[in-house]
Amino acid sequence: MGVLMSEPVLYIVATPIGNLADLSARAQEVLGSVDYIAAEDTRYSGRLLAHFTIKAPMISVHDHNERQRSEHIINLLAAGHSIALVSDAGTPLISDPGFHLVRAVREAGYRVSPVPGCCAFVAALSASGLPSDRFQFIGFLPAKSGARLQTLKPYAAHTETLIFYESTHRIVDSLAAMAEAFGGERYAVVARELTKTFETIHGDTLQNLLEWIQADSNQQRGEFVVLVHGAPASEQGDQIDPEAERILHILAKEMPPKKAAGLAAEITGEKKNRLYQLLIQ
1 MGVLMSEPVL YIVATPIGNL ADLSARAQEV LGSVDYIAAE DTRYSGRLLA
51 HFTIKAPMIS VHDHNERQRS EHIINLLAAG HSIALVSDAG TPLISDPGFH
101 LVRAVREAGY RVSPVPGCCA FVAALSASGL PSDRFQFIGF LPAKSGARLQ
151 TLKPYAAHTE TLIFYESTHR IVDSLAAMAE AFGGERYAVV ARELTKTFET
201 IHGDTLQNLL EWIQADSNQQ RGEFVVLVHG APASEQGDQI DPEAERILHI
251 LAKEMPPKKA AGLAAEITGE KKNRLYQLLI Q
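Going by full-length UniProt numbering, the sequence shown opens with residue 1, and the numbers climb by one from there.
Keep in mind that the hints were calculated from the coordinates and are not lab data.
C-beta atoms are modelled at their ideal positions from N, C-alpha and C, and glycine is treated no differently.
Certain hints may be false.
[As the list claims (entries may be wrong)] Below 20 Å or equal to it, Euclidean Cα-Cα: the simulated EDC-like pairs (lysine to aspartate or glutamate) are:
#1 K272 / E223
#2 K144 / E160
#3 K271 / E180
#4 K196 / D173
#5 K253 / E270
#6 K144 / D88
#7 K55 / E71
#8 K259 / E223
#9 K196 / E180
#10 K144 / E185
#11 K153 / E193
#12 K153 / D241
#13 K55 / E29
#14 K259 / D241
#15 K153 / E243
#16 K144 / E107
#17 K55 / D96
#18 K272 / E254
#19 K196 / D22
#20 K196 / E160
#21 K153 / E245
#22 K271 / E223
#23 K153 / D22
#24 K196 / E29
#25 K258 / E270
[To be verified] Per label pair, the in silico range of CB-to-CB distance:
#26 Q277 / L93: 48 to 54 Å
#27 N65 / A25: 51 to 57 Å
#28 E71 / G139: 22 to 28 Å
#29 R274 / S132: 50 to 56 Å
#30 Q277 / T205: 30 to 36 Å
#31 E71 / V122: 28 to 34 Å
#32 S6 / T200: 41 to 47 Å
#33 Q68 / V122: 28 to 34 Å
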């Protein structure tokens, strides 16, 4: 039996990424107790809720209507109702809608409470064998090849693990672009269909991963997380991260080189002396 909600709250509820047994007991209790459930795709989430015999009325909240629906949801909270936000799979807002809604609800003075659970990129990272002390989640890459390569290239010198989401239709093209941007010898891991029947976690160089996935159409199906090993420090040499260099040059227009280098170092984590040397050269 669900708990009674004593105040209007927007709950951010993580749902399974494949295996329905991963829906936590607390998530089931919250979903069974709220007055409304806001879902990215009501038909998709409806199947999950039906499996757990949860019957709360649903509100559609997706990329194209989120700003308009935020007002409606705030009105429901104002009337004393509690609402749960779910996405199609995993944690809402992570490469999914919900940011505008959460911000609007918080600005309106209502409580937003997370109900944690599955997140595909965290699950993939935990099982990848790649360094997990520092990582950057980038999410989905642009659909067009030129924009995809342009997005990837600035990350080539990053030393942290890089994490991407990809779909069935673009996984081959994305791996090819990563091999071009980072070099075919860079080690990476492809995590496919996590927690589902055909779960695959396979690591190799980007070039070998590309050839492996091209040779087996079955491995091109499903939802993908691609994790790329950061550039080794030895590979970086004297290279400075392009974003750090961009920030440095912006600051140098407004202040002396030493001050610009110090501030840029504070913002980016690069070494102050390296930035200063770059400016005076």
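These are the hints, each one checked on the structure:
With a C-alpha separation of about 41 Å, the suggested pairing of K272 with E223 is violated against the 20 Å cut-off. Taking the CA atoms of K144 and E160, the gap is near 25 Å; set against the 20 Å cutoff, the hint is violated. Note on K271 and E180: the hinted pairing is violated, with a Cα-Cα distance of about 28 Å set against a maximum of 20 Å. For the hint pairing K196 with D173, the CA-to-CA distance comes to about 24 Å; that exceeds 20 Å, so the pair is violated.
At roughly 19 Å between alpha-carbon atoms, K253 and E270 fall within 20 Å of each other, so this suggested pair holds. For the hint pairing K144 with D88, the CA-to-CA distance comes to about 24 Å; that exceeds 20 Å, so the pair is violated. For the hint pairing K55 with E71, the CA-to-CA distance comes to about 23 Å; that exceeds 20 Å, so the pair is violated. The straight-line distance between the Cα atoms of K259 and E223 is roughly 47 Å, outside the 20 Å bound, and the hint therefore fails.
A C-alpha spacing of about 31 Å is found between K196 and E180, which places the hinted pair above 20 Å, so the restraint is violated. With a CA separation close to 24 Å, the supplied pair K144 and E185 exceeds the 20 Å bound. A hinted pair counts as satisfied when its Cα atoms are at most 20 Å apart, and K153 with E193 does not qualify at roughly 27 Å. For the given pair, K153 sits about 11 Å from D241 by alpha-carbon distance, which is consistent with the 20 Å threshold.
The hinted pair formed by K55 and E29 meets the criterion: a straight-line CA distance of about 12 Å does not exceed 20 Å. Proximity of K259 to D241 is assessed by CA-CA distance (about 19 Å); at most 20 Å being required, the pair is judged to hold. Distance restraint check for K153 and E243: the Cα-Cα separation of roughly 11 Å lies within the 20 Å cut-off, and the hinted pair is therefore satisfied. Of the pairs offered as hints, the one joining K144 and E107 is violated, with about 36 Å between alpha carbons and a cut-off of 20 Å exceeded.
Restraint check: the Cα-Cα separation between K55 and D96 comes to about 23 Å, which exceeds 20 Å; the hinted pair is violated. For the suggested pair K272 and E254, the alpha carbons sit about 17 Å apart, so the restraint of at most 20 Å is met. For the suggested pair K196 and D22, the alpha carbons sit about 11 Å apart, so the restraint of at most 20 Å is met. The straight-line distance between the Cα atoms of K196 and E160 is roughly 28 Å, outside the 20 Å bound, and the hint therefore fails.
For the proposed pair K153 and E245, the alpha carbon gap of about 14 Å is at most 20 Å, so the pair holds. Distance restraint check for K271 and E223: the Cα-Cα separation of roughly 39 Å exceeds the 20 Å cut-off, and the hinted pair is therefore not satisfied. Annotation: proposed proximity of K153 to D22 is violated, straight-line Cα distance about 36 Å (limit 20 Å). Of the supplied pair hints, the one linking K196 and E29 is violated, its CA atoms being roughly 24 Å apart against a limit of 20 Å.
Restraint check for K258 and E270: satisfied, since their Cα atoms lie roughly 14 Å apart, inside the 20 Å limit. A hinted range of 48 to 54 Å for the beta carbons of Q277 and L93 is inconsistent with their spacing of about 41 Å. At roughly 31 Å, the beta carbons of N65 and A25 sit outside the given window of 51 to 57 Å. As the Cβ distance of E71 to G139 is approximately 27 Å, the hint placing it in 22 to 28 Å holds.
In this structure the hint that R274 and S132 lie 50 to 56 Å apart at CB is violated, the actual value being about 27 Å. For Q277 and T205, the Cβ-Cβ distance of about 33 Å falls inside the hinted range of 30 to 36 Å, so the restraint holds. Range check, E71 to V122: Cβ separation about 32 Å, and the 28 to 34 Å hint holds. Judged by the Cβ atoms, the range 41 to 47 Å given for S6 and T200 holds: they are separated by roughly 45 Å.
Distance hint for Q68 and V122: a CB-CB separation of about 31 Å, consistent with the stated range 28 to 34 Å.
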